[in-house]
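Asks: Here are the chains, one letter per residue:
There are 2 protein chains.
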Amino acid sequence: MASAGKSSVPAVERFKYSQRVVLRSILNRHDRGEGLSGHRVVAGGWIKSRKDRPAEGHDRSAAVAAAVPPQPEDASCFEALLQHLPMLRPLARILLGRLDADADATEAKPNVGPVTALLRINDGSSSSNLQVVLDSSMSLPGQVIHVGACILVEGVLQKASAPKGHAVELKVEKILHIGIADSQQYPLAKPKFSLEFLRTLPHLRPRSVTVGSIVQIRSNVTLASHEFFKKNGFIHVHMPILSSTETGYNSRDFQSTTPLAEPGLREAIGLETLKSAIMEKSKRIEEVPRSDSNKETLLAAEQDLKKTKELAVLLEKSQRDFLTVTAGLHLESYACALSSVYTIGPVFRADEPQAKRLTEMWMVEVELAFAELEDAMNCAEDYLKFLCQSLVDNSGDDLKYVSKTKDKEHTERIRALVSSSFARITYSQALEIVDEVKDRTFREKVSWGESLSEEHERYLVDDIFKKAVIVYEHPKELKPFYVRVRDDGRTASTFDIITPKIGVLLRGSQKEERLDVLNKRMEDLKLSSEQYDWYKDLRKYGSVKHSGFSLDLEKMMLFATGLTDLRDVIPFPRTCDRGNEW
Amino acid sequence: MASAGKSSVPAVERFKYSQRVVLRSILNRHDRGEGLSGHRVVAGGWIKSRKDRPAEGHDRSAAVAAAVPPQPEDASCFEALLQHLPMLRPLARILLGRLDADADATEAKPNVGPVTALLRINDGSSSSNLQVVLDSSMSLPGQVIHVGACILVEGVLQKASAPKGHAVELKVEKILHIGIADSQQYPLAKPKFSLEFLRTLPHLRPRSVTVGSIVQIRSNVTLASHEFFKKNGFIHVHMPILSSTETGYNSRDFQSTTPLAEPGLREAIGLETLKSAIMEKSKRIEEVPRSDSNKETLLAAEQDLKKTKELAVLLEKSQRDFLTVTAGLHLESYACALSSVYTIGPVFRADEPQAKRLTEMWMVEVELAFAELEDAMNCAEDYLKFLCQSLVDNSGDDLKYVSKTKDKEHTERIRALVSSSFARITYSQALEIVDEVKDRTFREKVSWGESLSEEHERYLVDDIFKKAVIVYEHPKELKPFYVRVRDDGRTASTFDIITPKIGVLLRGSQKEERLDVLNKRMEDLKLSSEQYDWYKDLRKYGSVKHSGFSLDLEKMMLFATGLTDLRDVIPFPRTCDRGNEW
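Read top to bottom, the protein sequences are chains A and B.
For the first sequence, the residue numbers in our numbering are 256 to 837.
For the second sequence, the residue numbers in our numbering are 256 to 837.
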């Protein structure tokens, strides 16, 4: 398939399942690619910016753009700079002539005389772009090579003409593929976009270098999770999405599994309406006199009845199908057999109809048998530290890129989480600390038995401990039915890990392993239906002390990226009001 | 928490987040644990079998059981042997006295004189059990320690009394925890169960050593998948579960995304019924004369109307929500930005209402930009080989355990897949081979344009090539709308990997990157609705040649385990007729 490797100049190692090289292997080297000068490669990517300069010996006035200092690595940085220093704008407009939407229109005009095009391309493997040089001898198809187009080219790496960025650029000798992008229509032709605008185009937004970096970070967080649990002897299990077991997510405000058919439908319209229809139709069929002339009418009526009956079956069935809110209960059944298990899967939320709330999100859930609260806390702390260390080790460039414009301190927060052990205080101690504060007033006063507010959490983390805090042993009423009640009868073996910026990042608990205590608790909460029989079996037969925790992957992503909107850190965000059009 | 490590005898390395050791670290050592003799450990697990022998110097007649050669590693093997040699049964009954369901009843009786109990426990980390010795000095709670109970004990590893199995056993000095299991009720008290019976107890079945091994193998397959793609520079992305984009799964028989509310509901009953109800209720409210005496009636009627209107909104909305059948289309949008991506996630099927068909399954999907059909084939072949090599390297014991009773040849099939390169033939060549067969007749004759039957696939793999076969370039009508049409206009750039025993294990294709060809194809198939606009955008802006493939994780699990029923290889199987009661 590839003809690239046959040259006398040695080829850079190509991607195994394509003739191209991965740009990361050139751009993210310690020498910024310098050692690869002279190598022949095939490279592909999407064009992020284009500048033209007249070919040697041609009109100098057209060369102004080339004489201007090169735009920063990412055009968006320059745009960001302009936002802070608006007085630069008119100057920039004159010098660069292409900051606005109509800028690309000038590219579409036939060039006066032969030009050399400088293209910056990105293949998603790196937050840096490779400069690709197409000179006039290439009979440049100027009308089609715009921002947004995809190109696959063969050429030789050479010392960069503008050494401020990377050490090498690619001198093109052959164009292997062009996928055009009409600059008048391409929605990402401008150099910079808000994340909000990008959310309106979930299918194209990974082409933004920022979103590409976010996805790389998410991939790292996911893979590092698997690595941590594998290293520590956990077994990965896939938990079900469809379920009819309701999960007491919070003992005060039970959050049911998300019904596939919306709640109330069955009672309000569906099944009863159908049942009367079935009765009526059956009666009508019985009343039709049996004769040859009525044969077809009868057949049609019977077909119709059959269809209605099928619908009734379907509706009755659909009432039992729910989308899971947490895999926790099911995961316990595997922990109570295989001891140390975890899962990473999607969970669903139908309540809280806020635009920013995701209805679909991914969760890491962990359960350990023969483990008490402290074991789960230790595991959760190690896990978060492992994730952060992995981000520092493997996502440095992406973190830096996202930090640059979004949140300059977030890399520091990640490093700090790794280096200091988490503070551990009980819920009651947390309340005391907050109560004793004299130098400031909180908007809300919290009494024992109520949840700490975000304001209090932030105070504990930012002002008192200045690091992540584990708050444990909450009033049992604040937590779901399955948490283990402590000997005082008032508190439960639970914990929340609170981090700077995010608030509660991870929740854990020891589970109630005593059948009689669990039964009592479920009776108190009027949760004694048959649907929990299987869950109680885990206590009836070979009960074991077990503890676990769960982490919202999207919240971890906010911590990892410094961003603030959950919709920016998941590839296709689903919310109550929109999202599934894609 | 732990007091175990304080003895003078060095402790075996314990599990990091519990005081116990992982049994695998004792049982799966090359020396079968021999080198650990004398070590003090805390061990936990569920009791798989129990035998009593009189304590030293007591009634000899009760010692018969102990004199009998120990039951094979897994009690089920002995049971299996008995099935083949029924003449052994009466003898076994006399000697062992506990092969039947009532055997445990004898354990419940108070023992005559002090006894030493030999328990085999398993913590899910290994397919082997650890023998635990509780002697009479422990004031043994005989009534509660039965098969199915969970124990956590502290003791010292010593040379095994019956060295046929493992080299060490654990002499208990302290019982730290007992979770009882009433032997009269515990459904898994018998030594052996069919997988079919175990399926009726999805919450308890992981306690069967066979199912435990299956889960370990599944964990390995999942983690090895991540490892392969990470090693090769792919980015992991989470694709959406909720979607409204229908996926042409097969161009002849379109399989839509699975509707959340069952299909037809909207037309048949829901929305229209509600709309008339809303009209009627509004009319009635208008007709009520406004007076103080009617105030409450009106308020109630208005509340009722409001509720009905909300339901109508919910129903209308729920019609737009679907569960994904494949992440492929969405994955393309990430490949057309980040070049090499993959996802592992759940997919759903509502059609084909067969009991054995899963409605919820997990799929590995892969998409490569700048890659043509051959690249995807190479990647898929390498991927399958990597998975199989990982099974051989890391799941040897589990494979052996599952093989023992289920399918003795399956480990050989796994090794064979690693060692020989896959045969590659076009669909047309496959048809020619089948057509030329003289020495046997097939039930069905397949003409060009029809799918190969399972019988043909098996013939190609088992009789002709005797290894995995890639059949590629199928008639385009057999494949979904998005596959790339070849220059002949009749075939498409597609491939299926067919393996012994399983049939088609993996499917792949090059995607149609030419917008005009895609438009034409979608028009021909009457698929030109707006819902695909975003998908077409990927071709409109910076189109790139791209190819990919997908693997049903459950099918791979059948290949890996030698089992034949999909419901046995997924933790909580969901099928049309049942499953979500758990």
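For the record, the hints were derived by calculation from the structure and aren't laboratory data.
Do not rely on the hints blindly, as some may be mistaken.
Note that the list lumps identical chains together, so a pair holds whenever it fits in one copy or between two copies.
Unchecked claim - Here are the simulated lysine-lysine pairs, DSS-like style, with alpha carbons at most 27 Å apart:
| hint | residue 1 | residue 2 |
| --- | --- | --- |
| 1 | K561 | K530 |
| 2 | K419 | K693 |
| 3 | K530 | K564 |
| 4 | K781 | K791 |
| 5 | K611 | K561 |
| 6 | K640 | K485 |
| 7 | K306 | K486 |
| 8 | K810 | K663 |
| 9 | K640 | K486 |
| 10 | K536 | K419 |
| 11 | K721 | K810 |
| 12 | K756 | K722 |
| 13 | K538 | K775 |
| 14 | K530 | K445 |
Asks: Determine for every hint whether it applies to the structure shown.
Replies: Evaluation of the provided hints:
Proximity of K561 and K530 under a CA criterion of 27 Å is satisfied in both settings, with 12 Å inside one chain copy and 25 Å between copies. Taking the closest pair of Cα atoms, K419 and K693 never come within 27 Å of each other, the shortest separation being 53 Å inside a single copy and 72 Å across copies. Proximity of K530 to K564 under the C-alpha cut-off of 27 Å is found in both arrangements, the shortest distances being 8 Å within a copy and 23 Å between copies. In the homo-oligomer, the alpha carbons of K781 and K791 lie at most 27 Å apart inside one protomer (15 Å), although the nearest pairing across protomers, at 52 Å, exceeds that limit.
When the C-alpha separation of K611 and K561 is checked against a cutoff of 27 Å, the pair qualifies only between copies, where the shortest distance is 25 Å, while the shortest distance within a copy is 44 Å. For a Cα distance limit of 27 Å, the shortest separation of K640 from K485 qualifies both inside one copy, at 16 Å, and across copies, at 21 Å. Proximity of K306 and K486 under a CA criterion of 27 Å is satisfied in neither setting, with 49 Å inside one chain copy and 36 Å between copies. In this homomeric assembly, K810 and K663 come within 27 Å of each other (Cα to Cα) only inside a single copy, at 18 Å, whereas the closest approach across copies is 47 Å.
In this homomeric assembly, K640 and K486 come within 27 Å of each other (Cα to Cα) both inside a single copy, at 14 Å, and across copies, at 23 Å. In this homomeric assembly, K536 and K419 never come within 27 Å of each other (Cα to Cα): the closest approach is 80 Å inside a single copy and 72 Å across copies. In this assembly of identical chains, the alpha carbons of K721 and K810 lie at most 27 Å apart only when taken from the same copy (20 Å versus 50 Å across copies). With identical chains, the CA atoms of K756 and K722 are at most 27 Å apart within one copy only, with a shortest distance of 11 Å there and 56 Å across copies.
For the identical chains of this complex, K538 and K775 are neighbours neither inside a copy (50 Å) nor across copies (50 Å), given an alpha-carbon limit of 27 Å. Taking the shortest alpha-carbon separations for K530 and K445, neither the intra-copy value of 58 Å nor the inter-copy value of 45 Å comes in at or below 27 Å.
Violated hints, listed in ascending order, are 2, 7, 10, 13 and 14; each of the other numbered hints is respected by the structure.
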